[in-house]
Each structure stands twice: as C-alpha cells, then as structure tokens.
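Peer 1: Residue numbers (my numbering), protein chains in the order written: chain F, 1 to 353; chain A, 1 to 353.
Don't take each hint at face value.
In silico negatives: residues of chain F with every beta carbon more than 10 Å from chain A [as the list claims (entries may be wrong)]:
| hint | residue |
| --- | --- |
| 1 | Ala21 |
| 2 | Glu170 |
| 3 | Glu313 |
| 4 | Arg321 |
| 5 | Ala330 |
What follows is a list of derived Cβ distance ranges for each label pair [stated by the list, open to error]:
| hint | chain 1 | residue 1 | chain 2 | residue 2 | range |
| --- | --- | --- | --- | --- | --- |
| 6 | F | Lys261 | A | Asn219 | 52 to 60 Å |
| 7 | A | Glu319 | F | Arg318 | 51 to 59 Å |
| 8 | F | Pro199 | A | Asn219 | 24 to 32 Å |
| 9 | F | Arg209 | A | Pro196 | 21 to 29 Å |
| 10 | A | Glu305 | F | Glu345 | 51 to 59 Å |
| 11 | A | Thr259 | F | Asp207 | 47 to 55 Å |
| 12 | A | Tyr258 | F | Pro71 | 27 to 35 Å |
| 13 | F | Arg318 | A | Arg209 | 29 to 37 Å |
| 14 | F | Asn185 | A | Arg209 | 24 to 32 Å |
| 15 | A | Asp213 | F | Tyr218 | 32 to 40 Å |
| 16 | F | His60 | A | Ala298 | 57 to 65 Å |
| 17 | F | Arg295 | A | Tyr258 | 22 to 30 Å |
| 18 | F | Phe188 | A | Ala200 | 19 to 27 Å |
In short, the hints are calculated from the structure, not lab data.
From the three backbone atoms N, C-alpha and C, an ideal C-beta is built for every residue, glycine too.
Number of protein chains: 2
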Amino acid sequence: MGQAVTPEELERFGIALLEAAGTPTPFAREVARNLVFGNLRGVDSHGIRLLLYYLEHIRHGLIVPTAVGEPLHEFGAICAYDAAFGLGAATSAECCAIANRLASTHGVGVVTARRANHFGAAAFWARRMADAGHIGLAFCNASTIVAPWQSKEPRFGTNPICMAVPGPYEDSFLLDMATTTVAANRIFKAFQNNEPSIPAGWAADKDGRPTTDTKEAYNGLVAPLGGYKGTGLAVMVEILTSVLSGGAMGAEIGGIRYTEKPLSVSHFFLAIDVRRFLPADEFEARMARLVAELRGSAPAAGYDEVLVAGDPEIRIERERRAHGIPFSDADLAALHEAALSFGVEPLQLKNAR
Amino acid sequence: MGQAVTPEELERFGIALLEAAGTPTPFAREVARNLVFGNLRGVDSHGIRLLLYYLEHIRHGLIVPTAVGEPLHEFGAICAYDAAFGLGAATSAECCAIANRLASTHGVGVVTARRANHFGAAAFWARRMADAGHIGLAFCNASTIVAPWQSKEPRFGTNPICMAVPGPYEDSFLLDMATTTVAANRIFKAFQNNEPSIPAGWAADKDGRPTTDTKEAYNGLVAPLGGYKGTGLAVMVEILTSVLSGGAMGAEIGGIRYTEKPLSVSHFFLAIDVRRFLPADEFEARMARLVAELRGSAPAAGYDEVLVAGDPEIRIERERRAHGIPFSDADLAALHEAALSFGVEPLQLKNAR
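So here's chain F without its partners, still in its complex pose (with noise of 0.2 Å):
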C-alpha cells in the first residue's frame, strides 16, 4: 500500500490509454486533465478510475471518442449543443468555450448539451469560465439513483450544482456539491470498510425509512440534501439540464457501470462576465473581503477554523502535488491491466510518504 502518481504522468498514462481506444490527442488531453484534476483535489470518484468506464463504454460503442458534437442551434446569448455522445470533456470543452465566447460578446452565455457523458468534477468546467473572467455555473443530471422526498423510488441522480468565480484558482470559492446528503459513494465505502453505521441524514432504507444502519443505507436510497429542499434544489437541476436541452429524461438515462444504452445525460453551462458589472479588480477585491470575513469569523465549538467552498479540496491539491497522488493497490491492478490491454506504457510509480 501507499503507492503514488506525479499528476504529470497520470495526465501521460490517460492520454495514452484514451488514443490507444482512438481518441484524437485533443479530446485526449482533455479527458485525462479533467480526471487528473478530480485525482489531485482528493475527489477520487471523478478520477482516473473513470477512465476505466468510459473504455468501457467506448469498446461498447456508447462513448464516440472521435465526437466532439455541435451546436443545434444558437440564438442571441444562448446554445443548444448537441453532444453527439462523445467524451463528456471534449464535448464540454467545446461547450465551455461557446459560453465563453457569448458571455464576452452578451455579458452572459447560456449553453445547454443532451446526448453528452459524464464530464468528470463539474469544477473543472465552472473554473474553465472563471478563468476567462465569467462566473461559472455548471449543472448536470445523472442515473436516476435518488428518490424524491416522500418517495422510495429513485427518480433523478445527484444533479450536482457547481459555481466557480473569477480570481485565482488558489484562494478562491469553489462549490461543487451533489445535491445528496452526500455523495453515494461515502455510503459504499463505509459498507466496504464494514462500518456498522453512518451518521444520520445520509440514507434511508429500501422502504424509504431513514436509517443509520451500513447495509440497509448501501441496499437502500441516498438521502437528498436536508429532505424537501434537496429535492427541490436537485429538480432545479433537471429542468436546466434534461427538460430545456430535450435530453433523455428519467429511466432513459444510462449507468456509467451498465453498458446496455449511452449515458446520454444534459449539462448546463452559464457564464456571465462580471466585467459588464463592475471592474474586474473591484470584483476580486469584493470576493477577497467576503471570502475574509467568512474565514475570519469565530469559530463555532470543536472547531479551530471556518472554511470556504474549496478550501478543503485546495489542500489536498497542494499536498497531492507534493507528494503525488496516492492509489490503493486494487486500483493500481486495475489500470494496469488496462495498460496491457491497450499496449500502453504502465503507470511510473513514486513511492508516497
């Protein structure tokens, strides 16, 4: 145990294995910078071990690697993308760009893709309009694996809202959140490690209860996020992503782990230049104070400091550059045998502290 990846050769390791299934270098480069990004900020469930589903769904011919997609139609400030099924990255990196380009040209963009795949840590995407000057929204729908508050079948997916603002990445507020208790997958590793409970508010059992207990919560449903609100927040979501793209909707969308049908989930992408509001230095220096006194506010009891959206992640980013990413041995196996499979060099290992 304890093995480690610089992100410069996790970046080489991606792109191989992603041109080796045909992917052209760009869409590439892409892919493998937005997985290596989840990696490096500790959000390991939109990392390199993605890459492994979307080869998945790219031998099944449900990822188009060569597609970028194109624009349906666009009007005034506003875009409707078709993604076409290819890389969720490579088509987001197109539809980014437009939003960009109509926020410079607008004051604000909005874009709207259907038919897209999953495109990794949504942050990457809002900070792709942050660093061209824009507040960045970015909004996706996902395999239906939530039940609505009051109900016990699943309906919609962890539709995760995510903001980014213009200034530097480093100091910065960053929200990326699932619009869950919390994410699914804190349930799987809790049931993996044989915890017997997790805390309350995270899941509820198959009949809809709430529980505490590991494995009628990893048999059950995960809670959205403070009950009613979370599903509201969650349906928000899906209105600006499947029903105003005319994407698939409900039990249409696919599984990233099921290789019956496409994912074919919607994204959203909002940028607005905030030029067109204030000065960009007087932006970032009002950020600057809000971000200060929120960090400099008393902490509460059994606490030594108060956090903004993106500071945690921040921090392992820092750490994780340092000192590599850490992999666990099951997930080293995996990609190596993916490298063999597709006759690509193996990961270079650095030995981690």
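Since chain F is already given, all that's left is putting chain A on it; use the hints.
Peer 2: Okay, now just chain A, sitting in the frame of chain F:
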C-alpha cells in the same frame, strides 16, 4: 378567534395604506399584490405583516416610496440596476420587466439590483418571469443572521434560491427555499408556543453547538441547510447578489425590524427563454412528464403521496381563496392600528370557518 380576510380586500387595504404613506398607485399595487401572494400561499412571514415594517422604514426615510430606481448600465443581455431604496416590489417589477425583455431579445437576461429593499416572496418574481415564457430565477441576500458552517458568528442571511418555469401556475414546479434548514421564524414560533425542543438540524446554540433545545436555539443560530452545503449555497447567492451588483455587504446590510439604516439588500434575476431551446409546448410537455414521474413515484413508508416544490403552497392558496386568509387577533390589531394612524378604511373581515 379565526377571523379571515378576502385577498381582494387585503389588496385594497394594502394599497390604501401605501398610498396614504405617499406611494404612487402603481407601486402600491405591486407591493400589495406581492404581499397578498405571500399570505395566499401560507407564507405569512412574507405577507401583509411585512407592510408594517415597510411603513416604518418609509416613516424613517429609509424606504423612498416614490423611487423606482434606474439602470446603471445595460450591455447586451445584462443590466446592473440601482434600486435607489425604492419599495422592493416596485423596483423588482422594473428589474423583472428588463430581464424579460433581455431574455426575449437575447434568449437569456440577467439583472442585478443594489440598494434594494425586501421584495417579499421571491416566488412572486420568478413567476413574473415564468408568465413571460421564461425560466425565472430570483435570488436575494438578507440581513446577517446565519453563521457559516463551523462558525458561530452570523455572516450572511437566509439567502433564498427560487425558480419558476413557464406553464400553468396552478400545477407547476415552483421552488422558493431559504438556504437554511428551516426558516428562522419556525424557531421563533416554537419559542413563542413554549415547545421545549425542536428537531435536530434546525439550529445551533450561541457557541455554534448543534442544539434541539428551543430556548438555546432562539438565543442561538439558524443552521445552514445540511451544514457546509447550505453555507456553500448561501455564499453562491451572496456572490450573485451583493458581490456582483456592487451592493452592501455583511454588516453594511440593515434589518427590516431596525431603523438605524436602510435594509440595502441586493437582488439577482435570471430569465431564460425556453422557446429558444425548444418549442414552448414541448417544454411544457416535458415538464408535465417530469412532474408526473415525481408525483407518481411510490411513497416512502409513512407517507401516502409524493409532492413537487410548490404543491403545498398551491393547496393552501386554493383553501384561502375559497375561505379567506386567516389572521390572528394580534395581527388584526396591528393592522387596525395602522389603518387608524394613516386614516384609511379598516380591513373588512369575513368569518373564517
């Protein structure tokens, strides 16, 4: 006890009071309709009782009842508006009209307003955009009563998130939620009703420790929805309102119950013209399908139905349209006193059931 008022009479009364306080009729009508909307939907915290605070702020020169503000500048699909301390509903009607015009012209429109007052229920404004065929989002910041996650010092407000969609008002998705677990006034009510405890997750004591003790909660802090995620959402709203508009931030914001300084909140309106993405009837059909799938999902153990955001309020509205809006004797006494002091005809009551 149990006296009621028709919505028409309540609107007449609100307009009369506002006119007597120097408000031009069109502005008075917007404000009164906005408040009656709150009462009709059972959101009495955003109903006619707010008018008493508005009148106090007018008396102190903090609300300028004749002001409607003006655009600071407009560029492409965005507009930065200065609300100039006009009545919140008067300036918000202007801002929504601009957002609707921008969305009709460019597919999307964004309007920020600074130096603004309380705009009542956000849902009223989101519906104003939805009635024009647009997805409408309305956000505002608020007096600092909520501490960030891990903090015990209030740094932002209940910062609501609100969204409406085109389609029939009576049967649609209409989300209007504070980014706290519950509205602050539910804790006040539990305290007033001498209930010894409140559910977990609602509040923290003054040191920021989670508490279910009603008195500790009353003297403590409203909890952000689901902890750090609710804080993230509140900060998202804060950025889109005060930071982007150039408006008052943090301690600069006043309070509706205080008269030392203007409230000076900021508003954010986003309108998206769905007809630029897909035909209006297709959008409505897709919405109807989504809503039907949610309502049609199997109820969890202990429930016999599944609701969509807005359903509970519409039920109350049907009830109150049929039987009148009920008021407590204390509320009626306060409204009667206002009628006397402004020399307007008192509220005509009808007997509640």
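Peer 1: Next step is simple, just say for each hint if it's right about the structure.
Peer 2: To see whether the hints hold, each was checked on the structure:
1. Ala21 (chain F), annotated as away from the interface, keeps every beta carbon of chain A farther than 10 Å; the closest lies near 33 Å.
2. Residue-level check passed: Glu170 (chain F) sits 18 Å from the nearest beta carbon of chain A, beyond 10 Å.
3. The non-interface label for Glu313 (chain F) is consistent with chain A: the shortest C-beta to C-beta separation is roughly 12 Å, beyond 10 Å.
4. Separation of Arg321 (chain F) from chain A is adequate, the least Cβ-Cβ distance of about 24 Å exceeding the 10 Å criterion.
5. For Ala330 (chain F), the condition that its CB be more than 10 Å from all CB atoms of chain A holds, with the nearest at approximately 30 Å.
6. At roughly 55 Å, the beta-carbon separation of Lys261 (chain F) and Asn219 (chain A) lies within the given 52 to 60 Å, and the hint holds.
7. Between Glu319 (chain A) and Arg318 (chain F) the C-beta distance comes to about 57 Å, which sits within the given range of 51 to 59 Å.
8. The given range of 24 to 32 Å is respected by Pro199 (chain F) and Asn219 (chain A), whose C-beta atoms sit roughly 26 Å from each other.
9. Between Arg209 (chain F) and Pro196 (chain A), the C-beta spacing of about 26 Å keeps the proposed range 21 to 29 Å intact.
10. A beta carbon spacing of about 58 Å between Glu305 (chain A) and Glu345 (chain F) agrees with the range 51 to 59 Å that was offered as a hint.
11. Between Thr259 (chain A) and Asp207 (chain F) the C-beta distance comes to about 53 Å, which sits within the given range of 47 to 55 Å.
12. Range check, Tyr258 (chain A) to Pro71 (chain F): Cβ separation about 51 Å, and the 27 to 35 Å hint is violated.
13. The hinted range of 29 to 37 Å is satisfied by Arg318 (chain F) and Arg209 (chain A), whose Cβ atoms lie roughly 31 Å apart.
14. The hint said 24 to 32 Å for the Cβ distance between Asn185 (chain F) and Arg209 (chain A), and at roughly 29 Å that hint holds.
15. Judged by the Cβ atoms, the range 32 to 40 Å given for Asp213 (chain A) and Tyr218 (chain F) holds: they are separated by roughly 34 Å.
16. In this structure the supplied range 57 to 65 Å is violated for His60 (chain F) paired with Ala298 (chain A), their Cβ-Cβ distance being about 32 Å.
17. A hinted range of 22 to 30 Å for the beta carbons of Arg295 (chain F) and Tyr258 (chain A) is consistent with their spacing of about 27 Å.
18. Checked against the given bound of 19 to 27 Å, the beta carbons of Phe188 (chain F) and Ala200 (chain A), roughly 25 Å apart, stay inside it.
Checked against the numbered hints given earlier, this structure breaks hints 12, 16; the rest are met.
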